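Work the whole structure out from these sequences, hints included.
Take a look at the letters that make up each chain.
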Amino acid sequence: MEAKKLNLTLNIWRQKNSKSVGSFAEYKVQVSPDASFLEMLDELNNTLELKGEEAIHFESDCREGICGTCGLVINGHAHGPLPKIATCQLHMRNFKDGETIWVEPFRAKAFPVIKDLMVDRSGFDVILQAGGYVSINTGGVPDGNAIPIQKEVSSLAMDAAACIGCGACVASCKNASAMLFVSAKVSQYALLPQGQPERYRRVERMVKVMDDLGFGSCTNTYACEAECPKGISVTNIARMNRDFMMAKIKSKEVEV
Amino acid sequence: MFEIYETITGENPYKSPMMIYPAPHYTMGGLWVDYNLMSNVPGLFVLGEANFSDHGANRLGASALMQGLADGYFVIPYTMGNYLAGDKPTLVKTDHPEFEKVAKEVKDLTNKLLSIKGKRTVDDLHKQLGRIMWDNVGMGRNEAGLKKTIEQIRQVKEEFWKNVTIPGSGDDVNQTLERAGRLVDYFELGELMALDALDRKESCGGHFREEYQFEDGEAKRDDENYSYVAAWEFAGENKWNLHKEELKYEYVKQAIRSYK
Ligand SMILES: Cc1cc2nc3c(=O)[nH]c(=O)nc-3n(C[C@H](O)[C@H](O)[C@H](O)COP(=O)(O)OP(=O)(O)OC[C@H]3O[C@@H](n4cnc5c(N)ncnc54)[C@H](O)[C@@H]3O)c2cc1C
Ligand code: SF4
Ligand code: FES
Numbered sequence: 016m017e018a019k020k021l022n023l024t025l026n027i028w029r030q031k032n033s034k035s036v037g038s039f040a041e042y043k044v045q046v047s048p049d050a051s052f053l054e055m056l057d058e059l060n061n062t063l064e065l066k067g068e069e070a071i072h073f074e075s076d077c078r079e080g081i082c083g084t085c086g087l088v089i090n091g092h093a094h095g096p097l098p099k100i101a102t103c104q105l106h107m108r109n110f111k112d113g114e115t116i117w118v119e120p121f122r123a124k125a126f127p128v129i130k131d132l133m134v135d136r137s138g139f140d141v142i143l144q145a146g147g148y149v150s151i152n153t154g155g156v157p158d159g160n161a162i163p164i165q166k167e168v169s170s171l172a173m174d175a176a177a178c179i180g181c182g183a184c185v186a187s188c189k190n191a192s193a194m195l196f197v198s199a200k201v202s203q204y205a206l207l208p209q210g211q212p213e214r215y216r217r218v219e220r221m222v223k224v225m226d227d228l229g230f231g232s233c234t235n236t237y238a239c240e241a242e243c244p245k246g247i248s249v250t251n252i253a254r255m256n257r258d259f260m261m262a263k264i265k266s267k268e269v270e271v
Numbered sequence: 416m417f418e419i420y421e422t423i424t425g426e427n428p429y430k431s432p433m434m435i436y437p438a439p440h441y442t443m444g445g446l447w448v449d450y451n452l453m454s455n456v457p458g459l460f461v462l463g464e465a466n467f468s469d470h471g472a473n474r475l476g477a478s479a480l481m482q483g484l485a486d487g488y489f490v491i492p493y494t495m496g497n498y499l500a501g502d503k504p505t506l507v508k509t510d511h512p513e514f515e516k517v518a519k520e521v522k523d524l525t526n527k528l529l530s531i532k533g534k535r536t537v538d539d540l541h542k543q544l545g546r547i548m549w550d551n552v553g554m555g556r557n558e559a560g561l562k563k564t565i566e567q568i569r570q571v572k573e574e575f576w577k578n579v580t581i582p583g584s585g586d587d588v589n590q591t592l593e594r595a596g597r598l599v600d601y602f603e604l605g606e607l608m609a610l611d612a613l614d615r616k617e618s619c620g621g622h623f624r625e626e627y628q629f630e631d632g633e634a635k636r637d638d639e640n641y642s643y644v645a646a647w648e649f650a651g652e653n654k655w656n657l658h659k660e661e662l663k664y665e666y667v668k669q670a671i672r673s674y675k
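Those protein sequence lines, which keep their order, are chains G and Y.
If you read the first sequence in the numbering used here, its first letter stands for residue 16, the second for the next number, and so on.
If you read the second sequence in the numbering used here, its first letter stands for residue 416, the second for the next number, and so on.
Note that these hints are calculated values from the structure, not bench results.
Computed from a prediction, not measured in an experiment: that's the story for all the values here.
Pair ranges (Cβ atoms, derived): (1) Y:620 - G:19: 42 to 48 Å; (2) Y:481 - G:236: 42 to 48 Å; (3) G:156 - Y:620: 28 to 34 Å; (4) Y:492 - G:161: 23 to 29 Å; (5) G:227 - Y:509: 29 to 35 Å; (6) G:82 - Y:513: 31 to 37 Å; (7) G:19 - Y:569: 36 to 42 Å; (8) G:163 - Y:555: 48 to 54 Å; (9) Y:435 - G:163: 38 to 44 Å; (10) G:22 - Y:614: 47 to 53 Å.
For each residue, glycine too, the CB sits at the ideal point set by N, CA and C.
What follows is the structure, given as structure tokens:
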């Protein structure tokens, strides 16, 4: 049973490399409503390549919403119009026949365009390298229930750890701030016992690197939370800010 | 899980029956390594899913976690340290003849791929290869199917080298070129998988040779003749030499596994 195909007009951002100036190019496509957005782009790329034109560059890996590699701005929304999904989980049945769709890369000073819809998000890796780990020896495996952790606390930590590092929060913030991402990474450790020894060092280091890389400041618009595919809460930002203040009082490690 | 299902299919699984089909999840085997996880290239260690070492013909649940811990936590800190202790690292520069040789090989391959300018896309040929593997090198395999598969893979490979089209250049990011490079690897890997399956005339784990089964359809292993790991050494295009690594059991006795 083949569903009726949709006729769509796509306006896609094409840009040769980080130094060149990009612009929108128009493409007409016919696509099954059961196709995913990225499958539609794959198909389009096949037709372009057959004409000898270069493929539209975009990134993806798992295509099931767990790795954070994909990321397009579709009709002005990071990861498209639906809430709480990554671009790869968006299906064409959510669009209407005859619709015009605008497709852009994640835009931020700290995410330079590599080509077309592909951006360099390695800044996130640098932030993680500054503190997104537990480096102290936490000893052997403790006996079950030896260190009780409240259900609410472990749930909050797990919720924070759900961040897939996609960068949609940066792309949807008018200041291109990375606060939601960094606060999720800080919180997942700050809430649990393993994260305590390095808690304040970690937040200081990660925030410093975030600022150095040119990510903007947070002005509490919550656009990040609205577009985050994993529903990361802005309360993580509040937690990070509290920890950062505490760190300023407690430690002398990083000069800011 | 149900939410994910609904996003993908657009159907509510509480109301209509779920559509479920098998999909490839993991590839058995991998690069050969010695007991210290070092490959046949001295100093090149291979960990995790990329090596063949930790699980047998069947890959059971959570093997990845086990292998991650075993390789990364218990083995490599000691064996790599041991290797480094016996090595005197010297400054390696890009004007080394070996480096120049490999750099030239990569450049030549890139130019060759870009110059074909045929009529079929990388994606199209990749899907054709996938279909061939799916049909005859899945769980159930048989001699006729595997022999046919090897022929078919060679044909698609030939078609690829004559008729693929890769727009763009090799000087910049080119995802089509990247995929073409992977597909070249897959032709080789696919053929080797079929060859290995053809050679192993028994059923075991994820390898079910239809000719070798009990009357009730259970897998029939042949420990007498096939109790070894097949390590295939690359010996040029379409050629591999088989090295058999015998499986010796000192404490556990080999027995037939029954899921009944
Ligand atoms: C959908 C799915 C579900 C799974 N579920 C389970 C499960 O529930 N339980 C379980 O135990 N196992 C599961 N597995 C298997 C398990 O996830 C993998 O076996 C395991 O993650 C492999 O880990 P690894 O570190 O060996 O390799 P990988 O995690 O694949 O890491 C390889 C790394 O190498 C990098 N890399 C590749 N090429 C280069 C290069 N040229 N230069 C630099 N870096 C490079 C890659 O980017 C990647 O980061 C699942 C697998 C899949 C696909
Ligand atoms: S916080 Fe959300 S939007 Fe930001 S990187 Fe993590 S998952 Fe993506
Ligand atoms: S491709 Fe992995 S989250 Fe979209």
